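There are 2 protein chains.
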Amino acid sequence: MSAPTSRHPTILEVAREAGASKTSVSRYFGGERERLSPALRQRIGEAARKLGYRPNQIARGLKGGRSRLLGMLVADIRNSYSVAVMHGVEQACREQGYSLLVANTGNDPAQERTHLSLLASYRVEGLMINAAGQPTRELQAMAAQGLPLVLVDRWLEELEADRVGLDNALAVDMAIDHLSAQGYRHLLFLSEPVGLASPRQQRWQRFEQRLSEEPALDGERHDPALDGSAVGALLKAFLARAGRPAAVLCANGNVTLAATRALQALGLSLGEVGLLGIDELDWCSLVPPGITTLAQPTETIGRAAVQQLLARLDDGGAALPPRHTLFSPTLIARGSTRLPATDNDKETP
Amino acid sequence: MSAPTSRHPTILEVAREAGASKTSVSRYFGGERERLSPALRQRIGEAARKLGYRPNQIARGLKGGRSRLLGMLVADIRNSYSVAVMHGVEQACREQGYSLLVANTGNDPAQERTHLSLLASYRVEGLMINAAGQPTRELQAMAAQGLPLVLVDRWLEELEADRVGLDNALAVDMAIDHLSAQGYRHLLFLSEPVGLASPRQQRWQRFEQRLSEEPALDGERHDPALDGSAVGALLKAFLARAGRPAAVLCANGNVTLAATRALQALGLSLGEVGLLGIDELDWCSLVPPGITTLAQPTETIGRAAVQQLLARLDDGGAALPPRHTLFSPTLIARGSTRLPATDNDKETP
DNA sequence: GTCTCGAATGGGAACGTTCCCATACTAGAT
DNA sequence: ATCTAGTATGGGAACGTTCCCATTCGAGAC
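Chains A and B, in that order, give the protein sequences. Position 63, counted from 1, in the first sequence is what the UniProt record's numbering calls 63; the numbers after and before it change by one each time, with no gaps. Position 293, counted from 1, in the second sequence is what the UniProt record's numbering calls 293; the numbers after and before it change by one each time, with no gaps.
Everything labelled a hint here was simulated from the structure, so no lab data went into it. None of these values were measured; they are calculated from a predicted model. Watch out, some of these pointers could steer you wrong.
Here chain B is said to cover these stretches of chain A; the calculated rule only asks that three of the stretch's residues, wherever they fall, bring their Cβ under 8 angstroms from a Cβ of chain B [stated by the list, open to error]:
#: 1; segment: 51 to 62
#: 2; segment: 96 to 104
#: 3; segment: 222 to 230
#: 4; segment: 283 to 293
#: 5; segment: 327 to 334
In silico contact screen, one side only, chain A against chain B (beta carbon under 8 angstroms); selected entries [said to hold, decoys possible]:
#: 6; residue: Ser67
#: 7; residue: Ile77
#: 8; residue: His87
#: 9; residue: Ser117
#: 10; residue: Leu118
#: 11; residue: Ser121
#: 12; residue: Glu125
All C-beta atoms in this analysis are idealised placements derived from N, C-alpha and C, irrespective of residue type, glycine included.
Start from the sequences and build out the full structure, keeping to the hints where you can.
Structure below.
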């Protein structure tokens, strides 16, 4: 009542001011300016400017069913990979005239369900999902209602939906090839708990497969919890067991961080024990002698997700089969995968 | 036409299914369940579940004027400080039953204006602003329309609005006190180009003030562009000029990154040349011997912003004076501000 | 038995758009 | 002159809610 809110002007007020009808004003802002006579066009433009009119997206969304909103469900907004992808998504959205409604689930499956229905209630026109858990049922329901869905990075086996992400098998291949070429023979694959997260599963499996194919290499796989001292103990035991030259392949950025910490705590220098991480982080070049990484084209992945969504939106449910778009990582070789020259020939000390 | 979209059920369909009126269903979902008889309540609940009904927020927002949407304008979504604050914002929003519409301006003032009016067109109920440029005019207009505004971290002098952020003077004080206590005498304050960014200005000014008050200390201030080799050259020249023991105070995370790179390139070890950064980053403990930082309570800052916004929303424009909420940083002391024992007494070599 | 009151429920207008359809006018063809 | 087609414009219904205002009904007071 006492609010000093000088209400938003409506289309009707602009029409009155311009001596036109609301239909004409609607056309003016709805991208049909060419249909208006130059005189009317000008009058409307002036009136709108004078009143500070801005079309109400809410009302617009109600009538037309076009909310011009795209939703993105992010497992962990503090994860730099997620943020980088989101950045690409955001840019692409803007370029296409959409806004982005972001929901962060904090890796909590319960939150995930809540947020999913929240996004639905805003009638987003499409949804990008970086799943924390397995909200398959909910997503199937949404897909059945005709909502375009794109799974980003992580996917759900039972869900027939478009997917965008890294070519995980290729990434592991590149990692192993590089480590092998650099002279490392004993490999430790280190992951966060694999669980149901598809990228972790894929990287994990590919590692096993490749190792079984390469007689010159041997290795182990582990997926410890990253908090606590498990990583350090694991590394120590592995190095004792495996001998040299040994290297650690980190399945994602968090693992790289934990492994680097652990190696430092053990007083081991990078390179002498090889270290290669999937995901490039801004500090990887900083820790001497630099950590070798496989960088994901995060921005591209984000843009691809939006593009895929809009393609679905366009073809109006032509029920094309799900499309999977995979991207290749880029190897950034640094000192952490360079064996010290002097140690060249003492294979197993 | 051919779309397999099995339309969202409406309140009317639920009402029909439950043998009730739309008003009752509206009450059921509008948080007035107690007003309904247990029998009716149950029938509506069942009908809604059966049809998979979900209130349409768009329609809801139109009639009631309550979009249940809060907007946040972020200068750079890839900046870990911004993301951390955003995380707090997002959590607080969720807890209060709001959703968050995020707009990233990529530090581009033009984008900023565009996004501001975009957010306005979705009729967000409040706006958190982490400004890239100086959209004072636009913000004044929005504030005049009764839209609650909170400036986060960066603020605009001419704009009378609530502010939430770090106590920058205190941060610089703590930094200088720590460096001084650790035995450093020659200080270099390094910032990104100060320009109009208020936190940079405040830190910059406080540094000058403090230095003029402390005869035991001397120092310089610089704000080079971070790309290119300017930082390295600057550091080298400063160290030659100033003598030892010298330390660098980095005004934010980006600077810390650049300075660390530059010191490494110069072959200088951390600690021998002191390094203290404002903003804690996850790699600061990794670079030997660890980088001393002043951590901001980012999560708290984000939550405070939302809280402030909702407070304004509640008092319905009681025109209270703008409120400024400042938070204290936490010092995390590491090796980069510990002088090597042997160098204790060669003040100026 | 009538009156009053409160609790439970429902009808209808309004929110600010879009979009279908009607109308008015101009110009050229007949 | 009349008809046709096209262009510029406007009126009104609809989108799915909320919220104001009835209406109904039983219980207790008179």
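(message) Which constraints among the numbered hints does this structure fail? Numbers only, ascending.
(response) Hints 3, 5 and 12 not satisfied by this model.
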